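**Student:** Residue strings, one per chain:
Protein chains: 2
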Amino acid sequence: MTAKANAVVAQSGGPTAVINASVCGVVQQALESGRVGKVFGAINGILGVLREEIFDIGAEGKRKVNELRRCPAAAFGSCRYKLGSLDENRADYERILEVFSAHEIRYFFYAGGNDSMDTCDKVNRLAAETGYELTCMGVPKTIDNDLAYTDHCPGYGSVAKYVATCAMEAGKDTEALYTTDTCTILEVMGRNAGWIAAATGLAARTPEDAPHLIYLPESAFTFEKFVRDVKEVHQRLGRVFIAVGEGIKDEKGQYVTADSGSFSKDSFGHQQLGGVADMLKVVIEKEVGIKARWNKLGTNQRSAMHFASQTDVDEAWLCGATAVRQALAGVNGKMVTLQRQDGDHYECTTGLAELRDVANGEKKVPPEYIHPAGNHITEAMKDYVRPLVQGQVRVKIAADGLPVYVRFGRRPVPPRCATYM
Amino acid sequence: MTAKANAVVAQSGGPTAVINASVCGVVQQALESGRVGKVFGAINGILGVLREEIFDIGAEGKRKVNELRRCPAAAFGSCRYKLGSLDENRADYERILEVFSAHEIRYFFYAGGNDSMDTCDKVNRLAAETGYELTCMGVPKTIDNDLAYTDHCPGYGSVAKYVATCAMEAGKDTEALYTTDTCTILEVMGRNAGWIAAATGLAARTPEDAPHLIYLPESAFTFEKFVRDVKEVHQRLGRVFIAVGEGIKDEKGQYVTADSGSFSKDSFGHQQLGGVADMLKVVIEKEVGIKARWNKLGTNQRSAMHFASQTDVDEAWLCGATAVRQALAGVNGKMVTLQRQDGDHYECTTGLAELRDVANGEKKVPPEYIHPAGNHITEAMKDYVRPLVQGQVRVKIAADGLPVYVRFGRRPVPPRCATYM
Numbered sequence: 000m001t002a003k004a005n006a007v008v009a010q011s012g013g014p015t016a017v018i019n020a021s022v023c024g025v026v027q028q029a030l031e032s033g034r035v036g037k038v039f040g041a042i043n044g045i046l047g048v049l050r051e052e053i054f055d056i057g058a059e060g061k062r063k064v065n066e067l068r069r070c071p072a073a074a075f076g077s078c079r080y081k082l083g084s085l086d087e088n089r090a091d092y093e094r095i096l097e098v099f100s101a102h103e104i105r106y107f108f109y110a111g112g113n114d115s116m117d118t119c120d121k122v123n124r125l126a127a128e129t130g131y132e133l134t135c136m137g138v139p140k141t142i143d144n145d146l147a148y149t150d151h152c153p154g155y156g157s158v159a160k161y162v163a164t165c166a167m168e169a170g171k172d173t174e175a176l177y178t179t180d181t182c183t184i185l186e187v188m189g190r191n192a193g194w195i196a197a198a199t200g201l202a203a204r205t206p207e208d209a210p211h212l213i214y215l216p217e218s219a220f221t222f223e224k225f226v227r228d229v230k231e232v233h234q235r236l237g238r239v240f241i242a243v244g245e246g247i248k249d250e251k252g253q254y255v256t257a258d259s260g261s262f263s264k265d266s267f268g269h270q271q272l273g274g275v276a277d278m279l280k281v282v283i284e285k286e287v288g289i290k291a292r293w294n295k296l297g298t299n300q301r302s303a304m305h306f307a308s309q310t311d312v313d314e315a316w317l318c319g320a321t322a323v324r325q326a327l328a329g330v331n332g333k334m335v336t337l338q339r340q341d342g343d344h345y346e347c348t349t350g351l352a353e354l355r356d357v358a359n360g361e362k363k364v365p366p367e368y369i370h371p372a373g374n375h376i377t378e379a380m381k382d383y384v385r386p387l388v389q390g391q392v393r394v395k396i397a398a399d400g401l402p403v404y405v406r407f408g409r410r411p412v413p414p415r416c417a418t419y420m
Numbered sequence: 000m001t002a003k004a005n006a007v008v009a010q011s012g013g014p015t016a017v018i019n020a021s022v023c024g025v026v027q028q029a030l031e032s033g034r035v036g037k038v039f040g041a042i043n044g045i046l047g048v049l050r051e052e053i054f055d056i057g058a059e060g061k062r063k064v065n066e067l068r069r070c071p072a073a074a075f076g077s078c079r080y081k082l083g084s085l086d087e088n089r090a091d092y093e094r095i096l097e098v099f100s101a102h103e104i105r106y107f108f109y110a111g112g113n114d115s116m117d118t119c120d121k122v123n124r125l126a127a128e129t130g131y132e133l134t135c136m137g138v139p140k141t142i143d144n145d146l147a148y149t150d151h152c153p154g155y156g157s158v159a160k161y162v163a164t165c166a167m168e169a170g171k172d173t174e175a176l177y178t179t180d181t182c183t184i185l186e187v188m189g190r191n192a193g194w195i196a197a198a199t200g201l202a203a204r205t206p207e208d209a210p211h212l213i214y215l216p217e218s219a220f221t222f223e224k225f226v227r228d229v230k231e232v233h234q235r236l237g238r239v240f241i242a243v244g245e246g247i248k249d250e251k252g253q254y255v256t257a258d259s260g261s262f263s264k265d266s267f268g269h270q271q272l273g274g275v276a277d278m279l280k281v282v283i284e285k286e287v288g289i290k291a292r293w294n295k296l297g298t299n300q301r302s303a304m305h306f307a308s309q310t311d312v313d314e315a316w317l318c319g320a321t322a323v324r325q326a327l328a329g330v331n332g333k334m335v336t337l338q339r340q341d342g343d344h345y346e347c348t349t350g351l352a353e354l355r356d357v358a359n360g361e362k363k364v365p366p367e368y369i370h371p372a373g374n375h376i377t378e379a380m381k382d383y384v385r386p387l388v389q390g391q392v393r394v395k396i397a398a399d400g401l402p403v404y405v406r407f408g409r410r411p412v413p414p415r416c417a418t419y420m
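Heads up: the protein sequence lines correspond to chains A and B, in order. Read in numbering that gives the first Met the number 0, the first sequence has 324 at position 325, and its numbers run on one by one without any break. Read in numbering that gives the first Met the number 0, the second sequence has 381 at position 382, and its numbers run on one by one without any break.
Derived from the structure by calculation, the hints contain no laboratory data. Be a bit skeptical, because a hint or two may be false.
No distinction is drawn between identical chains; accordingly, a pair holds when it is met within one copy or between any pair of copies.
Below 25 Å or equal to it, Euclidean Cα-Cα: the simulated DMTMM-like pairs (lysine to aspartate or glutamate) are [what the hints assert, rightly or not]:
1. 63 with 207
2. 381 with 208
3. 395 with 313
4. 395 with 52
5. 61 with 208
6. 381 with 207
7. 224 with 284
8. 248 with 277
9. 395 with 208
10. 395 with 361
11. 362 with 346
For clarity, every value in this text was computed on a predicted model and none was experimentally measured.
Excised from the complex, chain A in its bound form (with noise of 0.2 Å):
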């Protein structure tokens, strides 16, 4: 491998407050290595390799790569595009390949999660196979904290210090007008884990204090439990503040609710999940007779910068940043993990996970995080994510009170192969 081979970054699924800061680790490392040439940004994740639009990041200047660490969602693009496997789909690594070999690509970066680390380790694979030299590293990321062999995933400590603090503001709101609006909902993102409607109970810190109700996928959900525990919370207090995830099931494992739209399945084939909310204020409305309402953040939730985790921020930079620095000491075909060290004080260090073991892995809330009636969480759980919220990041404020969040110009090297896709 040649001392000045070309670097390329991409990021991929759904955005976070902090995959931004990844990235700046990684193109930060690379360039101060003096080891790596070109840092090349893939527009929209893998299908800016697949297409050749690729864009040099160091062209934007030392000061635009800076400002990925208060800048939400994917400043280079991401998607959704699943490779499937090498045998159906061949081609697609094949021309990955090309495309990294046409720009002199040894290094490959991708910020995901799972499906991101099985694409990840698929390219790797392949490259052994052919003899090309290639070295793929993953980042973490997933505001969903749903991946293995990490503690915890960049995104999550973000959405988590915000829902929290969404649950607080939302439940003072209800405190205040309970009179007429008795309840209220707030719905929260979860496909299969529920740690996001989890980290919402942080807030909870009196039995007063909203969420009064939390509810996970991982506990199976029936509606008679459900009213009881309504109306237990609304003769106790006289208002009801309830946290749920989208994903909730029954006891069958199935969605408690999903759209039958054209939409309905991602490109990925994952169900999509909406109307959870809408669904238990009827059923409250009905079944318990007070008058419920509902908030849905939706992407809000996950782009949250302007009250981020300052420490999500941080690990996420080193996750990126660490993901360089093993790639240039010869580690390849593993994900960068976070480590929580024990003792009191919170402490983490970095690890390394094998990407196909992440890509077949899913973490979810264990039990002991969940309280034994299903119905909130416990306080391991409280211990577990109040570190991962801490510190607010100070985004940059326009003349006109507004945020500023960088934009890339990603202006495209010019192909050197054919047209694809």
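With chain A fixed as given, assemble chain B onto it according to the hints.
**Tutor:** For chain B alone, coordinates are given in the frame of chain A:
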């Protein structure tokens, strides 16, 4: 009137980020004047007066009172209880005076919207009619910004700052993931006036920026035009970000969507709205053929103290303090207004309006603030809202990484009247 007559302050209607700052202004000004005895808080607005549930705010301590400057929702409790006309419901108004008299209350400060100003006015009229010496002052409050006779309403600047930031951040998310999630709809509050939806337009610094389309109740909505708008933006940018007020109406003035459940009307007879974003999503997916998703901030938009406007907080406090100063100077039956001064530099002073005029008025977004195509705002609207979102409130953060918001003990004073209601 004795020099040491007591005062009562009450909060009404939907809470805001800064209605507590307004009552903070009332309480601090009243206690510091040396001319008011006790300042009582009515628990849950006018309901607290009717039920004789009032508490001594001063007994909670100066530090706690000062914390009201950065606590969202309504710390004394709010309500949506409408008293109706004096003729029809004289008993309620007489009861109010009975409770006032029993506790030597000669000052009534009511923070709320036009329904509250109506209540405040009628209490004042009955007091005059019956010879009960009383001063009634209104303090403006509404996120909807729809009160007449005031340049803007405390509460609006904070919701404007927050929804514009949310549009910017979720817009970045859509820009990142447009290859899958091509269109995002942000549904915001605003039953009849589109001020909140209009404020999101501040985020659109360039034509690339979200929101690309904004729909207000003031402009007749047609599906044909809407579909054309979405197609045009999609063709131009490959993505579409839409901000919509919950109360958009068709050419006949009918709400474009309306719930039909048993709780479809609130206790003031207002139609309860919901689901406009969900409906637009279906239209877009069917008629434009792109995937759409939506966020509904709900009560989180009016309680987002974690990124509230410092200008709004300061002006809210000023309105409360001014109500007291004017009352002590002999003014009666007025609501404090905010008067924007002419000139390049934003400067705002207070004025006064008749309670009954405010009660009967409603201020909608004027045509010159709405783009002629009815799908965005003008520069004039940006100039209007920009000064109102200046400065960020710094909330107090606890060791758990989340905000600290004060909760009042609200221990009711011993009753002196018979039970009522």
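**Student:** Work down the list of hints and note, for each, if the structure agrees.
**Tutor:** Here is what the structure says about each hint:
Taking the closest pair of Cα atoms, residue 63 and residue 207 come within 25 Å of each other only across two copies (18 Å); inside a single copy the shortest separation is 45 Å, beyond that limit. Within a single copy, residue 381 and residue 208 get their C-alpha atoms as close as 14 Å, which meets the 25 Å cut-off; across copies the closest is 38 Å, which misses it. Taking the shortest Cα distances, residue 395 and residue 313 sit within 25 Å of each other both inside one copy (17 Å) and across copies (22 Å). For the homomeric pair residue 395 and residue 52, neither the shortest alpha-carbon distance inside one copy (30 Å) nor that between copies (45 Å) is at most 25 Å.
Taking the shortest alpha-carbon separations for residue 61 and residue 208, only the inter-copy value of 23 Å comes in at or below 25 Å, while the best intra-copy value is 45 Å. Proximity of residue 381 to residue 207 under the C-alpha cut-off of 25 Å is restricted to the intra-copy arrangement: shortest distance 17 Å within a copy versus 41 Å between copies. When the C-alpha separation of residue 224 and residue 284 is checked against a cutoff of 25 Å, the pair qualifies only within one copy, where the shortest distance is 15 Å, while the shortest distance between copies is 36 Å. In this assembly of identical chains, residue 248 and residue 277 lie within 25 Å of each other by CA distance both inside one copy and across copies; the values are 16 Å within and 22 Å between.
In this homomeric assembly, residue 395 and residue 208 come within 25 Å of each other (Cα to Cα) only across copies, at 17 Å, whereas the closest approach inside a single copy is 32 Å. When the C-alpha separation of residue 395 and residue 361 is checked against a cutoff of 25 Å, the pair qualifies neither within a copy, at 36 Å, nor between copies, at 36 Å. For a Cα distance limit of 25 Å, the shortest separation of residue 362 from residue 346 inside one copy, 21 Å, qualifies, whereas the shortest one across copies, 54 Å, does not.
Comparing the model with each earlier hint shows violations of hints 4, 10; every other hint is respected.
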